[in-house]
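Engineer: Each chain, written out:
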Amino acid sequence: MKAGTSLWTVTAITVLAATATIGYLGIERSERDRAPAVSGGPASVRLISADQYATAVHDVFGEDTKVEVDFAPPQRLQGLLALGQSAAAITPGALDQFDRVALAVAQQVTDDRHRGIFVPCIPVSVVDADAACAKQFFIRTGRFLYRRPLTNAEIETQVEAAGKGARRLSDFYAGLTYSLAGMLTSPKFLYFIETAEPDPDNSGQLRLTNFSKATRLSLFLWNAAPDETLLDAAEKGNLDNADGLKRQIDRMLESPRIEKGVRAFFSDLLRFDQFATLAKDSTIYPGFTIQVTRSAEEQMLHLITDQLLARNSDYRDLFTRRLTFINATLGPLYRSPVLDAESWTPHEVSPGQSAGLLTSPGFLALYSHPGKSSPTRRGRAVRENLLCQHVPDPPPNVSFAIFDDPNRNFKTARDRLDAHRTNPACAGCHKIMDPIGLALENYDGSGAYRTTEGGAPIDVSGELDGKSFVDVAGFGQAVRNNPALVSCLVNRLYSYGVGRPASAGDRPWLDYETKRFGSEGYRLVALLRDIASSEAFYAVSVDFDKHRGTQDARVDRKEE
Amino acid sequence: MFKRINRRQVLRGMLGGTAVTVGMPFLECFLNNSGTALANGRALPVRFGTWFWGLGMNKEIFVPERTGADFDLKEELVSIQPVKEHINLFTGYRTFTDGRPSLCHYSGWVTLRCGQAPTDRTSVPGESLDVTVSDAIGGGTRFRSLEMTATGNREHSYSFRSAQAVNPPEISPLAFYQRVFGPDFQDPNSPVFHPNPHLMVRESVLSAVLEDSASLKRSLGAADRARLDQYFTSLRDLEQRLALQLEKPPPAPACRVPPAPTDVTTIGEDAALVAQRHRLMTDILVAALSCDQTRVFNMGYSESYAATTRAGVPSSHHAVTHEEHSNGQGYQPTHSWFIRQAMKEWAYFVGALASVREGDRTLLDNALVFAHSDHERAQNHSMDGIPMMTAGRAGGRMKSGLHVTAGPEDVGTQVGLTVMRAMGLQKREWGFGSMKATKVLDEVLQA
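Residue numbers (my numbering), protein chains in the order written: chain A, 1 to 560; chain B, 1 to 447.
Just chain A, with the same shape it has in the complex:
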């Protein structure tokens, strides 16, 4: 690569890094020992996600309750759907969906098969109201659905609604059904509404209530509402002291539910919601079926949890490791048959051919066209999803005259993308994205390995932010060692947890935590523990309207 190009790229990256929410240079400044104080953000109001809804229902009413939560995802803000949840409102159309699901769930809970399990008492008469029995049901159920004990007035509301319904329909359980459906339609269930209270230790300051702390913690670590133990701890006020909080965090990190939480975070970070609509051209990639899509997504999650939880290993090595897992569906893509149709088998990718997660068929296929690879999409995905760098919008009114010349015959993606360099308006951004994507060109649009395209050999050499490489393994190494990889993870994980974008006031603490994460061997579990135990995680500001106004909205956009 020419010196001029490389200089330009470095300049471009510097500009990009400056716009990123957290600058890596800040790391050097921070102190090692003491955590910088943060001003905190507003208490958040988050709309429940489809996954969180299903989990809540399954936790309270058992796994076999059918929950068809096909809610549209919220807008992705600053790279995360989780932040969109903190901004999402409910339109009549959206409420219709919640209403339908609520009814369907409530009907199952009280049907002949389940009422014996979930209703803790037998009504005096099944054809009439029974306030005492309804009360027992709502006290217990309501505590989980509202993530706190119900007030007397709330209990009264539910019992009265159940009673009215029971009398009108001459059916105790029907009354219970509709009253429960009402709870599931209430904003107290559909929104995670945090509340703050005056902080007795710091006059004039606010702190989250114990129950709000419990919910924030539980969403962060488990992507679920608090369980009974956590609610008990909150009720006793134990989350206000370091020991009590630590006990809960330790317990939650050791629980198998942590895997769900980690999967949820990485699914959001890596935009796995796109798998739901991923399809390939069946004439070009006949093998890429819906089953392949599902397996490819699962494989990536498997890789992530194996690296970060089962092995408790360095996050950065996710981008260099050669060991993956394949099943019978993915076997053909790896030219490696798997006989057992049900299980995942460890599989070692050949030396020089792996950039870990980035050479998973899921990543490669997600960021491709229906019938060919897309170095540009792949490059942008790495920059935006993993390095938290913002790639600017394509300029309007670009001349595409170069593509209008039918005499040009591009064999490889590199040939095609080289054409961008003749147009300065395109070159700026494509130089940021394309070298990354070109490093992955040994994998086609379905994620299958190849060495040639259009009969011409594929050249995957390049450089990433000043680090050059000759093969995809070298590229993986360059991603691994890119400082933005780590600061990006810390920043995203933190804002995912607190339910708001990281602000300038959070930066010193994020710098500090990024450094600490390094000293802990870049182990995710340590990072989760650090964040969950930190004061920063629970800090709330007094003037939330003002704070909200100063958040700079960052731009996300659709593909290409």
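Calculated directly from the structure, the hints in this document are not laboratory data. Beta carbons are placed, not taken as given, at the ideal position from N, Cα and C, and that holds for glycine. Keep in mind that the hints are not guaranteed to be accurate.
Said to hold, decoys possible - Simulated crosslink set (PhoX-like; lysine-lysine; CA at most 25 Å straight-line): (1) LYS260(A) / LYS246(A); (2) LYS260(A) / LYS66(A); (3) LYS372(A) / LYS411(A); (4) LYS248(B) / LYS164(A); (5) LYS217(B) / LYS188(A); (6) LYS59(B) / LYS74(B).
To be verified - Just so you have them, the derived chain B footprint on chain A, three or more residues with Cβ under 8 Å: (7) 68-74; (8) 77-90; (9) 169-182; (10) 279-285; (11) 383-396.
To be verified - Simulated DEER-style distance windows between Cβ atoms: (12) LEU73(B) / THR65(A): 46 to 56 Å; (13) PRO198(A) / ASP135(B): 39 to 49 Å; (14) ARG256(B) / GLU228(A): 47 to 57 Å; (15) ALA341(A) / GLN240(B): 50 to 60 Å; (16) PRO198(A) / GLN240(B): 32 to 42 Å; (17) ASN380(B) / ASP418(A): 13 to 23 Å; (18) ASP459(A) / ARG66(B): 50 to 60 Å.
Following the hints, complete the assembly by docking chain B onto the known chain A.
Structural biologist: Just chain B now, kept in the frame of chain A:
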């Protein structure tokens, strides 16, 4: 209002815990002679909808040479021939961003739906015009509005109150069918009417929810309060719609309950698959309209970055618009193939609405559909002359079958303003800045 409450109270009294049948005589002759009103003098509903397709057109083979009623159809638009008389075509209308960024595949359609350009990709400058129309005419039916997309992707909605308050579209024809014609459907022409006591209970529970959660807002900041307000508005709307279903619905003579559609995968945007979903959902929508289940609808054929695919073509439609060479005639042939598929579907949509008779008229005559795209020439993201069309006559307030071209001072929001006026909204102007429209397009409004 008072009348309704009294009637409900009466019904509640009559029910006394068990369902009863309230006999309602079925009138053979529902309509007056001209088909403009029900025999009881009540006007037939006028419906409003939008239809969206992505990536514009190839001007050379799309824009007619002639204007007025005698406009010619070139090859990219030829498939609308059978429904040409029902359609107005608007070409050459410009879209300005007034110093805001020109966001590819976003600024154009947002401006045409909201009256001004957005400031960034995560925001919209206001509600989409279907919501404005829905606020005026959308009450009084079982659904406030119905949204559908043929793309299989729930994120492809073009109907919203704000960027964070979006009306989610149906993606599955079968699920859409079940939502409209499932167990909760009440045939408006059924000779007997059973007020459903379960609906009454549900409605009363929602009132309790509303009361119970009203105090939540007190402790919130302004932005979250506004979000909660949006929730409460939606909840009240749902409650009112449930209440409405406790009354005998007015007769809908054209109402025919269609058979359930075949299940079709929601994954993938192969043009044939998209067309299949589009037609199935169109048929359900038309039936829903004929049964007066809603008066506002939004159909997306493709999305603004349309990722529609064609078997054997490695790139999806959007990428094709940027990669494909122009042919000898100055347009991109594969891109044009995709646009022709879209126009075929638009013709199907219009034809389906026109196929339902309501007296001397058709459902389409009693409707107005506003269709548009996101760009004029997608290859270079041109927003000058984004193609727009209308279909239907808005119950006689709109003419059809005309090609109208923009004058030098005209802007795209004039079509939106005209459409809203045709729907009976008393709007003198619409839009902001250079996109503020004050002049309606008189040539398409019925004097």
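Engineer: Each hint should be assessed against the structure and marked as holding or not.
Structural biologist: Hints, verified against the model:
{"no.": "1", "hint": "LYS260(A) / LYS246(A)", "verdict": "20 Å, holds"}
{"no.": "2", "hint": "LYS260(A) / LYS66(A)", "verdict": "19 Å, holds"}
{"no.": "3", "hint": "LYS372(A) / LYS411(A)", "verdict": "13 Å, holds"}
{"no.": "4", "hint": "LYS248(B) / LYS164(A)", "verdict": "24 Å, holds"}
{"no.": "5", "hint": "LYS217(B) / LYS188(A)", "verdict": "11 Å, holds"}
{"no.": "6", "hint": "LYS59(B) / LYS74(B)", "verdict": "10 Å, holds"}
{"no.": "7", "hint": "68-74", "verdict": "holds (count 5)"}
{"no.": "8", "hint": "77-90", "verdict": "holds (count 6)"}
{"no.": "9", "hint": "169-182", "verdict": "holds (count 8)"}
{"no.": "10", "hint": "279-285", "verdict": "holds (count 5)"}
{"no.": "11", "hint": "383-396", "verdict": "holds (count 3)"}
{"no.": "12", "hint": "LEU73(B) / THR65(A): 46 to 56 Å", "verdict": "55 Å, holds"}
{"no.": "13", "hint": "PRO198(A) / ASP135(B): 39 to 49 Å", "verdict": "41 Å, holds"}
{"no.": "14", "hint": "ARG256(B) / GLU228(A): 47 to 57 Å", "verdict": "53 Å, holds"}
{"no.": "15", "hint": "ALA341(A) / GLN240(B): 50 to 60 Å", "verdict": "53 Å, holds"}
{"no.": "16", "hint": "PRO198(A) / GLN240(B): 32 to 42 Å", "verdict": "40 Å, holds"}
{"no.": "17", "hint": "ASN380(B) / ASP418(A): 13 to 23 Å", "verdict": "21 Å, holds"}
{"no.": "18", "hint": "ASP459(A) / ARG66(B): 50 to 60 Å", "verdict": "54 Å, holds"}
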